[in-house]
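Chemist: In case you want the letters, here they are:
2 protein chains.
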Amino acid sequence: MNTYSSRLLEEAVSELSKLPGIGRRTAVRLALHILKQDVAKSESLGNAIIKLRSEVKYCERCHNISDADICAICSDSKRDTSIICVVEDVRDVMAIENTGQFRGVYHVLGGVISPMDGVGPGDINADSLVVRLSHENVAEIILALPATTEGDTTGFYLFKRLNDKVNSISVISRGVAIGDDLEFADEITLGKSITARVPYSR
Amino acid sequence: MNTYSSRLLEEAVSELSKLPGIGRRTAVRLALHILKQDVAKSESLGNAIIKLRSEVKYCERCHNISDADICAICSDSKRDTSIICVVEDVRDVMAIENTGQFRGVYHVLGGVISPMDGVGPGDINADSLVVRLSHENVAEIILALPATTEGDTTGFYLFKRLNDKVNSISVISRGVAIGDDLEFADEITLGKSITARVPYSR
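Protein chains in written order, with my numbering: chain A, 1 to 202; chain B, 203 to 404.
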């Protein structure tokens, strides 16, 4: 039985409930909230979602989310471009920026190697990191990958590929709880992990 | 410090976190999910939100959400228009429709009387219910309002206004939920279900 008296409501609920962590009941609550707001507010929300996906760019250098060809971090002359922090995704960049402890630049892999999920070395932005090392004057690579099997695998893979191309490869200290994603670590712990980084060893 | 490398991302996160129950962290997660999807998917989500608010109508008879001037329930010839179930909002209509136990029609108040929140009798769709009683052939009004002080106040107000205009006014039964253990029911509900006991039948 169709419990929706409006096709528009049904469509909005169906679309909202496709978002991760949004069940049908929450989607109904969100839709009814949107209905109670001004037209202008629903339009800014809807357009922000559409523009985000259609207009966003990825930095040609570090693959971070960007509004221009080169992101604000890479083009910031005050950042130390000789230190590259390698992270899994954009959330990690935001989390590390939040700590205020890192003044280098980033390299966003866009994933970690995970044979279970069919993600191999060719599916992450590893080649472009090797290219960066040949073009840029890089003194240190910091591996800030998740403390998971996949993160460790990716770190080991990168270490093997990069070890003879850069002076120093370090990993963030395991102040971050094992098994936790970087984004869930508190700022002090995550900041400490970056400042107390140690040479890569296996 | 600005931790967003993209103004588009910042705007989307800001808009999403205005939704009830969506914090900044969840908003970032949703935004990054949207980024990973096809353009078409973000467009259907964004447009569904915009269209929901700009194109939705409210049924002229029962104030339910509708795509036309009269909603699908009111215009359904198989529904019993002599029984009107009075509810607070559209969610209640959907919840009752979900049970499949009610074949009458609805009247959506759009709120309950709450002096604390500045909602008076004039702010809910009560007048239009009185008008319906004079125009339509109504045998019974079912009050399906929240079991709160506000719901009770609203029910009492409506009872006083409608009592001489309709044969029967009933309220939905209150008691221990089906499948619930007695020990988990709150004292007021359990007390009410004992005083409002009904003859045993099977």
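Derived by calculation from the structure, the hints in this document are not laboratory data.
Among the hints, erroneous ones may be present.
Said to hold, decoys possible - Straight line, CA to CA, 20 Å or less: simulated EDC-like cross-link-like pairs of lysine to aspartate or glutamate:
| # | chain 1 | residue 1 | chain 2 | residue 2 |
| --- | --- | --- | --- | --- |
| 1 | B | K238 | A | D181 |
| 2 | B | K243 | A | E11 |
| 3 | B | K253 | A | E11 |
| 4 | B | K220 | A | E43 |
| 5 | A | K51 | B | D294 |
| 6 | A | K36 | B | E385 |
| 7 | B | K243 | A | E10 |
| 8 | B | K253 | A | E43 |
| 9 | A | K41 | B | E212 |
| 10 | A | K36 | B | D291 |
| 11 | B | K238 | A | E60 |
| 12 | B | K253 | A | D38 |
| 13 | A | K36 | B | D294 |
| 14 | A | K18 | B | E245 |
| 15 | A | K57 | B | D240 |
| 16 | B | K238 | A | E10 |
| 17 | A | K41 | B | D354 |
| 18 | B | K238 | A | D123 |
| 19 | A | K36 | B | E338 |
| 20 | A | K36 | B | E212 |
| 21 | B | K253 | A | E10 |
| 22 | B | K259 | A | D38 |
| 23 | B | K362 | B | D329 |
| 24 | B | K238 | A | D67 |
| 25 | A | K51 | B | D329 |
| 26 | B | K243 | A | E43 |
| 27 | B | K238 | A | E55 |
| 28 | B | K259 | A | E43 |
| 29 | B | K243 | A | E55 |
Claimed, not checked - The following label-pair restraints were derived from C-beta to C-beta distances:
| # | chain 1 | residue 1 | chain 2 | residue 2 | range |
| --- | --- | --- | --- | --- | --- |
| 30 | B | N300 | A | N125 | 57 to 63 Å |
| 31 | A | D38 | B | T397 | 44 to 50 Å |
| 32 | A | G118 | B | G223 | 54 to 60 Å |
| 33 | B | L384 | A | D38 | 43 to 49 Å |
| 34 | A | Q37 | B | R227 | 18 to 24 Å |
| 35 | B | D240 | A | S134 | 32 to 38 Å |
| 36 | B | D329 | A | D117 | 55 to 61 Å |
| 37 | A | G100 | B | D240 | 31 to 37 Å |
| 38 | A | D38 | B | N339 | 35 to 41 Å |
| 39 | A | V119 | B | R227 | 30 to 36 Å |
| 40 | A | D127 | B | R209 | 27 to 33 Å |
Just so we're clear, the structure is a prediction, and the values are computed from it rather than from any experiment.
The beta-carbon is built from N, C-alpha and C at its ideal position, and this holds for glycine as well.
Chemist: Is the hinted pair K36 of chain A and E338 of chain B satisfied, with a Cα-Cα distance of at most 20 Å?
Modeler: violated (29 Å)
Chemist: Taking 20 Å as the top limit, are the C-alpha atoms of K253 of chain B and E43 of chain A close enough?
Modeler: holds (9 Å)
Chemist: Decide if the proposed pair is consistent with the structure: K238 of chain B and D67 of chain A, CA atoms, cutoff 20 Å inclusive.
Modeler: At roughly 16 Å apart (the allowed maximum being 20 Å), D67 of chain A and K238 of chain B satisfy the hint.
Chemist: Would you check the hint for K51 of chain A and D294 of chain B, treating anything up to 20 Å between C-alpha atoms as holding?
Modeler: With a Cα-Cα distance of about 34 Å, the restraint between K51 of chain A and D294 of chain B is violated, given a limit of 20 Å.
Chemist: Starting from K238 of chain B, check that the Cα of E10 of chain A is at most 20 Å away, please.
Modeler: violated (24 Å)
Chemist: Decide if the proposed pair is consistent with the structure: K57 of chain A and D240 of chain B, CA atoms, cutoff 20 Å inclusive.
Modeler: Holds. K57 of chain A to D240 of chain B sits at ~14 Å (cutoff 20 Å).
Chemist: With the threshold set at 20 Å, check whether the alpha-carbon distance from K259 of chain B to D38 of chain A stays at or below it.
Modeler: holds (14 Å)
Chemist: Kindly confirm whether 57 to 63 Å is satisfied by the beta carbon distance between N300 of chain B and N125 of chain A.
Modeler: violated (47 Å)
Chemist: Below or equal to 20 Å on CA atoms is what counts here, so check K36 of chain A against D291 of chain B.
Modeler: Given pair K36 of chain A, D291 of chain B holds - Cα atoms ~12 Å apart, limit 20 Å.
Chemist: Given the hinted pair K238 of chain B and E60 of chain A, is their Cα-Cα distance within 20 Å?
Modeler: holds (17 Å)
Chemist: Holds or violated: K243 of chain B with E10 of chain A, Cα cutoff 20 Å?
Modeler: Judged against 20 Å, a Cα distance of about 16 Å means the pair holds.
Chemist: Can you tell me whether the CB distance of D127 of chain A to R209 of chain B sits inside 27 to 33 Å?
Modeler: holds (29 Å)
Hint check: violations occur at hints 5, 6, 16, 17, 19, 20, 25, 30, 32 and 39; the rest are consistent with the structure.
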